[in-house]
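*Asks:* Those sequence lines, one after another, are chains A and B. Oh and the first sequence: position 1 is 0 in numbering that gives the first Met the number 0, straight run, nothing missing. Oh and the second sequence: position 55 is 54 in numbering that gives the first Met the number 0, straight run, nothing missing.
Mixed in with the good hints there might be a few duds.
Subject to a maximum C-alpha distance of 30 Å in a straight line, what follows is the list of computed BS3-like cross-link-like pairs (lysine-lysine) [stated by the list, open to error]:
#, chain 1, residue 1, chain 2, residue 2
1, A, 347, A, 78
2, A, 148, A, 78
3, B, 128, A, 218
4, A, 148, A, 347
5, A, 254, A, 163
6, A, 78, A, 163
7, A, 163, A, 218
8, A, 347, A, 254
9, A, 148, B, 128
10, B, 159, B, 128
11, A, 163, B, 281
12, A, 254, B, 128
13, B, 449, B, 422
14, A, 163, B, 326
15, A, 148, A, 163
16, B, 205, A, 163
17, B, 159, B, 422
18, A, 254, A, 128
Away from chain B, derived, C-beta distances all over 10 Å, residues of chain A [as the list claims (entries may be wrong)]:
#, residue
19, 44
20, 48
21, 109
22, 128
23, 140
24, 144
25, 152
26, 156
27, 167
28, 169
29, 177
30, 178
31, 277
32, 312
33, 342
If you only want the chain A side, here are some residues facing chain B, beta carbon under 8 Å, derived [what the hints assert, rightly or not]:
#, residue
34, 4
35, 7
36, 34
37, 159
38, 163
39, 166
40, 179
Hint data in this document are derived by calculation from the structure and do not stem from the laboratory. Each residue gets a CB set at the ideal place from its N, CA and C atoms; glycine is no exception.
Listed here are the chains, written in short residue letters.
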Amino acid sequence: MSTQITAYRVFIASPGGLEGERNAFREVIQEYNELDALERGVIFLPLGWEIMPGGVGRPQAIINHYVRQSDYFVLALWKRWGSAPDVAEADGFSSASEEEFSLACECHAAQSMRQIVVLFKDVDSDLLKDPGPQLQRVLDFRTSLEREKRFFFERFEHTAAFRKNLRRQLAQWVRDHEEGGAAAPSPGARAPDLDIEAPAESPDEASSEDVRGAEQLVKEGRLVEAEQEFARAVGGNGDPALDTLLRYGRFLVEKGSLTHAEDTFMQLRDLARQRDRPGWVVASVNNLAKVYIAQGDMRSAEASYREALELRETTLGPDHGDVALSLNDLAQLYTSTRRLDEAEQLFKRALEIQGVDLDS
Amino acid sequence: MTPSDGLTTIDAAASLTNLATLYRTQGRYREAVPLLERARDIREQALGPMHPEVAAAVSSLGEAYFLLGRYAEAEPLLLRAREIREEALGPEHPSVAESVRSVADVYCGLGRFDDAAGLYHEAMDIQRKALGAESPEMATTLDSLAQLDSRIGEYAEAEKLLHQALGIRQAVLGPDHADVGGTLYNLAELYRATGRFSEAEHLYTKSLRIREAALGEEHPEVSYSLDGLAGLYSTLGRYPEAIRLHERVLEIQQRTLEPEGKDVATALANLGNEYFALGDNKRARGLYERTLAILEDVLGPTHRDVAMTLHNLAGVCFEDGDLPEAKSLYRRAAEMIEETLGPDHLDLGWTLTSLAAVLAATGDSDEAEPVFRRALAIQERVLGGDASDVARTLTLMADLKVSLGDFEKAERLYRRSLSIREKVFGPNHPATADTLDGLADLMRRTDRSKDAEALYRQSIKVYRRTLGPEHPVLAGTLMSLAGLKRGDGDLDEAEELYRQALSIRERALGMDHPTVAAVLDDLAEVLDDQGKAGSEELRRRAAEIRSTPSADSDPSPQR
Numbered sequence: 000m001s002t003q004i005t006a007y008r009v010f011i012a013s014p015g016g017l018e019g020e021r022n023a024f025r026e027v028i029q030e031y032n033e034l035d036a037l038e039r040g041v042i043f044l045p046l047g048w049e050i051m052p053g054g055v056g057r058p059q060a061i062i063n064h065y066v067r068q069s070d071y072f073v074l075a076l077w078k079r080w081g082s083a084p085d086v087a088e089a090d091g092f093s094s095a096s097e098e099e100f101s102l103a104c105e106c107h108a109a110q111s112m113r114q115i116v117v118l119f120k121d122v123d124s125d126l127l128k129d130p131g132p133q134l135q136r137v138l139d140f141r142t143s144l145e146r147e148k149r150f151f152f153e154r155f156e157h158t159a160a161f162r163k164n165l166r167r168q169l170a171q172w173v174r175d176h177e178e179g180g181a182a183a184p185s186p187g188a189r190a191p192d193l194d195i196e197a198p199a200e201s202p203d204e205a206s207s208e209d210v211r212g213a214e215q216l217v218k219e220g221r222l223v224e225a226e227q228e229f230a231r232a233v234g235g236n237g238d239p240a241l242d243t244l245l246r247y248g249r250f251l252v253e254k255g256s257l258t259h260a261e262d263t264f265m266q267l268r269d270l271a272r273q274r275d276r277p278g279w280v281v282a283s284v285n286n287l288a289k290v291y292i293a294q295g296d297m298r299s300a301e302a303s304y305r306e307a308l309e310l311r312e313t314t315l316g317p318d319h320g321d322v323a324l325s326l327n328d329l330a331q332l333y334t335s336t337r338r339l340d341e342a343e344q345l346f347k348r349a350l351e352i353q354g355v356d357l358d359s
Numbered sequence: 000m001t002p003s004d005g006l007t008t009i010d011a012a013a014s015l016t017n018l019a020t021l022y023r024t025q026g027r028y029r030e031a032v033p034l035l036e037r038a039r040d041i042r043e044q045a046l047g048p049m050h051p052e053v054a055a056a057v058s059s060l061g062e063a064y065f066l067l068g069r070y071a072e073a074e075p076l077l078l079r080a081r082e083i084r085e086e087a088l089g090p091e092h093p094s095v096a097e098s099v100r101s102v103a104d105v106y107c108g109l110g111r112f113d114d115a116a117g118l119y120h121e122a123m124d125i126q127r128k129a130l131g132a133e134s135p136e137m138a139t140t141l142d143s144l145a146q147l148d149s150r151i152g153e154y155a156e157a158e159k160l161l162h163q164a165l166g167i168r169q170a171v172l173g174p175d176h177a178d179v180g181g182t183l184y185n186l187a188e189l190y191r192a193t194g195r196f197s198e199a200e201h202l203y204t205k206s207l208r209i210r211e212a213a214l215g216e217e218h219p220e221v222s223y224s225l226d227g228l229a230g231l232y233s234t235l236g237r238y239p240e241a242i243r244l245h246e247r248v249l250e251i252q253q254r255t256l257e258p259e260g261k262d263v264a265t266a267l268a269n270l271g272n273e274y275f276a277l278g279d280n281k282r283a284r285g286l287y288e289r290t291l292a293i294l295e296d297v298l299g300p301t302h303r304d305v306a307m308t309l310h311n312l313a314g315v316c317f318e319d320g321d322l323p324e325a326k327s328l329y330r331r332a333a334e335m336i337e338e339t340l341g342p343d344h345l346d347l348g349w350t351l352t353s354l355a356a357v358l359a360a361t362g363d364s365d366e367a368e369p370v371f372r373r374a375l376a377i378q379e380r381v382l383g384g385d386a387s388d389v390a391r392t393l394t395l396m397a398d399l400k401v402s403l404g405d406f407e408k409a410e411r412l413y414r415r416s417l418s419i420r421e422k423v424f425g426p427n428h429p430a431t432a433d434t435l436d437g438l439a440d441l442m443r444r445t446d447r448s449k450d451a452e453a454l455y456r457q458s459i460k461v462y463r464r465t466l467g468p469e470h471p472v473l474a475g476t477l478m479s480l481a482g483l484k485r486g487d488g489d490l491d492e493a494e495e496l497y498r499q500a501l502s503i504r505e506r507a508l509g510m511d512h513p514t515v516a517a518v519l520d521d522l523a524e525v526l527d528d529q530g531k532a533g534s535e536e537l538r539r540r541a542a543e544i545r546s547t548p549s550a551d552s553d554p555s556p557q558r
């Protein structure tokens with residue numbers, strides 16, 4: 000029996016440093032073809048510089064030919080803008096990826112390219128503080144996308160997140176195929192709403208001044224600049240103020256950079272321990288637990304919640320209301336991991352502290 | 000114990016709500032209610048009556064009543080939650096849509112499908128404005144609306160909505176997210192209901208694979224996919240496989256959910272259905288009784304699901320020939336449904352049809368007739384004249400007419416039922432074949448054996464194509480056709496057909512099943528007719544089966 004299958008070419012452009020993502024690109028497309036696409040009458044063909052037969056070193060002109068033939072274009076960027084291709088230099092392009100992207104834009108305008116997706120990999124705050132010329136080009140490009148809203152772009156943390164994002168796009172493209180509709184990129188899941196905690200005690204350090212500017216930029220939707228501003232505040236001379244780190248962590252959570260948020264809350268915890276501020280230690284480990292849960296790492300979340308519980312028990316006494324809060328957190332975690340009997344016991348202990356008699 | 004310092008009462012409300020959520024995930028709905036009532040009181044006192052957190056508490060309480068089937072108590076609470084949220088958060092806040100959706104769920108439960116559909120659309124409008132054209136929340140509402148459409152037989156519309164929900168979830172959450180597995184499961188259920196069995200099997204399996212990968216093998220959601228697959232195997236007559244899967248479902252649920260909770264009760268009932276289909280009524284009855292005890296405890300003595308379990312038990316009594324008990328159980332079920340869901344509910348129509356069939360079987364045809372008519376009136380009012388529930392009632396009414404010798408009326412009823420089933424399910428669906436069978440029996444009784452033969456052959460073809468060549472239902476029709484051929488003097492074909500029926504029953508139901516004895520006897524007679532040897536041996540086997548108490552027979556010989 001012969002079956003009608005529609006093929007779509009997907010081109011990936013990315014400068015060096017993203018080899019993992021380029022491999023993932025090929026693998027995810029293959030997996031997705033087998034899992035879902037073929038069954039629904041679609042096959043995706045991955046294209047890109049080193050995916051082409053013949054390997055590295057082919058003239059840019061031939062690559063450009065493949066870009067023109069493609070239906071979808073993915074541009075992945077990280078720390079580097081890329082180096083100039085020998086021929087393209089003459090045309091005024093500073094890198095191969097830039098040339099490919101510009102060509103893709105032309106095809107998109109001419110409606111032969113169905114969609115362009117730009118994906119940025121998160122960059123460490125150390126680098127953001129003082130980006131070299133390569134990273135600065137990437138940041139400028141992202142700022143321009145943010146301003147112009149011409150193309151869909153999104154950030155990702157690591158290769159696993161890149162895979163997930165790509166699978167979402169592929170699912171959306173199959174759907175577009177089925178519905179014959181104009182492609183609207185998949186916006187993806189919203190960043191998790193984690194309700195980041197601050198300690199009840201007010202920050203006594205002269206803090207948060209340094210992040211006011213960054214938070215203002217967030218409000219204006221200028222996230223690239225905000226991130227750089229935060230990076231400068233956190234990475235300035237000497238250790239940052241506790242409140243500064245907390246606000247930075249919250250910013251990272253809100254934009255969905257959970258790995259960096261995790262690092263930030265760890266740094267906060269260590270500093271709070273050094274400065275002997277148990278309230279801040281509790282807040283930071285509770286926030287860590289929330290980040291772990293959002294990442295699906297329930298074991299680490301449990302360890303963090305346990306640390307908060309023990310710290311509260313020793314500093315506040317076993318019957319303090321805040322101990323009940325920790326019991327509640329831990330019990331909720333057990334509920335979601337289906338350790339239901341343990342959860343029930345902990346809830347009951349919390350309610351006992353809170354003065355609720357379940358038998359009355 | 001007195002509260003120590005650092006305590007705020009509002010924190011206790013959170014603990015109470017979370018404990019109630021735990022009970023809810025375990026199916027311990029009744030225990031959740033008093034906790035949620037206290038949480039609501041605490042929040043109302045601390046925050047005033049119009050605070051969003053009060054709305055959340057009121058809403059959880061309403062949902063718990065909904066799960067308990069106490070719709071009259073659920074409705075005002077959910078409406079109040081909506082009002083508070085509209086006032087406190089604005090009419091276009093996503094949580095208002097959640098409230099609207101839960102009110103719609105209650106109307107669905109009450110069988111007020113038009114009201115429910117209107118509210119689902121309202122919820123989607125809000126979700127579109129608040130969350131964009133595509134959100135997981137919207138997909139959930141689409142799922143609910145699709146379930147409603149399936150319920151009232153609007154399968155094409157339901158399928159469209161489920162595909163939409165699936166597309167959203169795949170694109171927004173990724174194709175391997177657990178919720179994608181959920182929508183695939185719903186779609187599989189739809190395919191099963193409409194007789195597209197191979198598509199259904201494919202999707203159940205896909206849903207199972209996604210859920211296992213996302214949640215681990217020991218998760219309640221995994222057990223739901225297994226349960227669906229088991230139900231499909233049961234429909235296809237693959238009982239041993241179905242039993243194996245149902246047992247796995249029970250194992251997972253007893254470990255991960257409350258062992259005496261609602262889900263486990265449902266799993267026990269489903270396992271009971273398999274034994275019932277295999278003719279092991281004793282084991283089926285035991286399982287139904289355990290289901291009943293759990294449900295009465297968890298949901299209270301008057302609940303739709305309790306009524307449906309009585310319905311199952313009545314079926315066992317009917318098969319066991321205990322017609323008075325069957326009658327009384329159907330009556331109790333009908334009264335319970337009318338009391339909880341009102342006089343116009345589809346579930347009442349379904350139960351009344353069953354009751355009427357028993358009344359007809361006991362010879363109370365005068366009593367059966369008006370009960371059939373009442374069922375039909377409900378079904379036609381809710382679903383229109385051409386829905387599968389209506390067809391079921393018409394078929395059973397026709398059976399009654401046959402037993403009264405009113406063949407003309409019976410034929411009209413069968414034909415109406417047939418045309419409905421062909422329209423709803425298409426010509427290739429086992430339910431369509433059921434009606435063909437009934438009509439064929441009627442033709443045979445009225446000496447139109449050529450017409451009867453054509454209908455039997457048609458029905459056999461449909462059963463083979465949809466249920467496979469080994470389904471016990473097929474054996475019944477093969478035997479009817481064999482009897483007809485024997486009457487026509489075509490003994491060779493009669494013998495061949497009996498042999499086919501025998502091998503199906505032996506394989507599907509076991510060598511010692513009572514219905515095997517019936518085929519052995521008929522086959523022996525045909526051999527005698529032909530003057531062939533071997534009838535003695537067959538009769539001896541039949542007698543042996545009959546002398547063994549059926550309850551001791553192994554219900555699943557293939558395991």
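*Asks:* A separate judgement is required for each hint: does it hold in the structure or not?
*Replies:* Now the hints, each set against the structure:
At most 30 Å may separate the alpha-carbon atoms for a hinted pair to count; residue 347/A and residue 78/A exceed this at roughly 51 Å. Restraint check: the Cα-Cα separation between residue 148/A and residue 78/A comes to about 22 Å, which is no more than 30 Å; the hinted pair holds. Pair hint residue 128/B plus residue 218/A holds up; C-alpha atoms about 22 Å apart against a cutoff of 30 Å. A threshold of 30 Å between alpha carbons decides the hint, and for residue 148/A with residue 347/A the separation of about 51 Å lies outside it, so the pair is violated.
The suggested pairing of residue 254/A with residue 163/A holds, with an alpha-carbon distance near 17 Å, which does not exceed 30 Å. Our distance criterion of 30 Å between C-alpha atoms is met by residue 78/A and residue 163/A, whose separation comes to about 21 Å. A hinted pair counts as satisfied when its Cα atoms are at most 30 Å apart, and residue 163/A with residue 218/A qualifies at roughly 28 Å. Proposed proximity of residue 347/A and residue 254/A is contradicted: the alpha carbons are some 36 Å apart, above 30 Å.
Restraint check: the Cα-Cα separation between residue 148/A and residue 128/B comes to about 21 Å, which is no more than 30 Å; the hinted pair holds. Restraint check for residue 159/B and residue 128/B: satisfied, since their Cα atoms lie roughly 22 Å apart, inside the 30 Å limit. Distance check on the hinted pair: residue 163/A and residue 281/B sit about 51 Å apart at the alpha-carbon level, beyond 30 Å; violated. About 22 Å separates the Cα atoms of residue 254/A and residue 128/B, which keeps this hinted pair within 30 Å; it holds.
Restraint check: the Cα-Cα separation between residue 449/B and residue 422/B comes to about 26 Å, which is no more than 30 Å; the hinted pair holds. Taking the CA atoms of residue 163/A and residue 326/B, the gap is near 57 Å; set against the 30 Å cutoff, the hint is violated. Restraint check for residue 148/A and residue 163/A: the C-alpha separation of about 23 Å stays at or below 30 Å, so the hint holds. Taken as a hint, the residue 205/B and residue 163/A pair is honoured in the structure, with Cα atoms around 19 Å apart against an allowance of 30 Å.
For the hint pairing residue 159/B with residue 422/B, the CA-to-CA distance comes to about 18 Å; that is within 30 Å, so the pair holds. About 18 Å separates the Cα atoms of residue 254/A and residue 128/A, which keeps this hinted pair within 30 Å; it holds. The beta carbon of residue 44/A sits about 19 Å from the closest Cβ of chain B, which is more than 10 Å, so the claim that it is off the interface holds. With a cut of 10 Å on Cβ distances, residue 48/A stays outside the contact zone with chain B, its closest approach being about 27 Å.
The claim that residue 109/A is not at the interface with chain B holds, since no C-beta of that chain comes within 10 Å of its own (minimum 26 Å). With 10 Å as the threshold on Cβ separation, the claim that residue 128/A sits away from chain B holds: the shortest Cβ distance comes to roughly 33 Å. Non-interface status of residue 140/A relative to chain B is upheld: no Cβ of that chain comes within 10 Å, the nearest being about 26 Å off. With a minimum CB-CB distance of about 20 Å to chain B, residue 144/A clears the 10 Å threshold, and the non-interface call stands.
Its beta-carbon lying about 17 Å from the closest one in chain B, residue 152/A satisfies the requirement of being farther than 10 Å from that chain. Against chain B, the non-interface label of residue 156/A holds: every CB pair exceeds 10 Å, the least being about 15 Å. Distance check on residue 167/A: its Cβ comes as close as 5 Å (rounded) to a Cβ of chain B, failing to clear the 10 Å threshold; non-interface status is violated. Chain B draws residue 169/A into its interface by the beta-carbon criterion, the shortest separation being 8 Å against a cut-off of 10 Å.
A Cβ of chain B approaches the Cβ of residue 177/A within 10 Å, the least distance being about 8 Å, so the stated non-interface status is violated. Listed as a non-interface residue, residue 178/A fails to keep its Cβ farther than 10 Å from every Cβ of chain B; the least gap is roughly 8 Å. Taking the minimum C-beta to C-beta distance to chain B, about 14 Å, the non-interface status of residue 277/A holds against the 10 Å cut. Distance to chain B confirms residue 312/A as a non-interface residue, since its nearest Cβ pair spans about 12 Å, more than 10 Å.
Listed as outside the interface, residue 342/A is inconsistent with that label: its C-beta sits roughly 5 Å from the nearest C-beta of chain B, within the 10 Å cut-off. Annotation: residue 4/A was flagged as interfacial toward chain B, and the flag is violated, the nearest CB pair being 18 Å apart, outside 8 Å. With its C-beta approaching chain B no nearer than about 15 Å, residue 7/A sits outside the 8 Å limit, and its interface hint is violated. Here the hint on residue 34/A is kept, as its CB sits about 7 Å from the closest CB of chain B, short of 8 Å.
Among the interface hints, the one on residue 159/A is violated; its C-beta lies about 11 Å from the nearest C-beta in chain B, farther than the 8 Å criterion. The interface hint given for residue 163/A holds, since its Cβ lies 5 Å from the closest Cβ of chain B, which is under the 8 Å cut-off. For residue 166/A, the interface hint holds, the least distance from its beta-carbon to any beta-carbon of chain B being 5 Å, beneath 8 Å. With a cut of 8 Å, the hint placing residue 179/A at the interface with chain B is violated, because the nearest CB-to-CB distance is about 13 Å.
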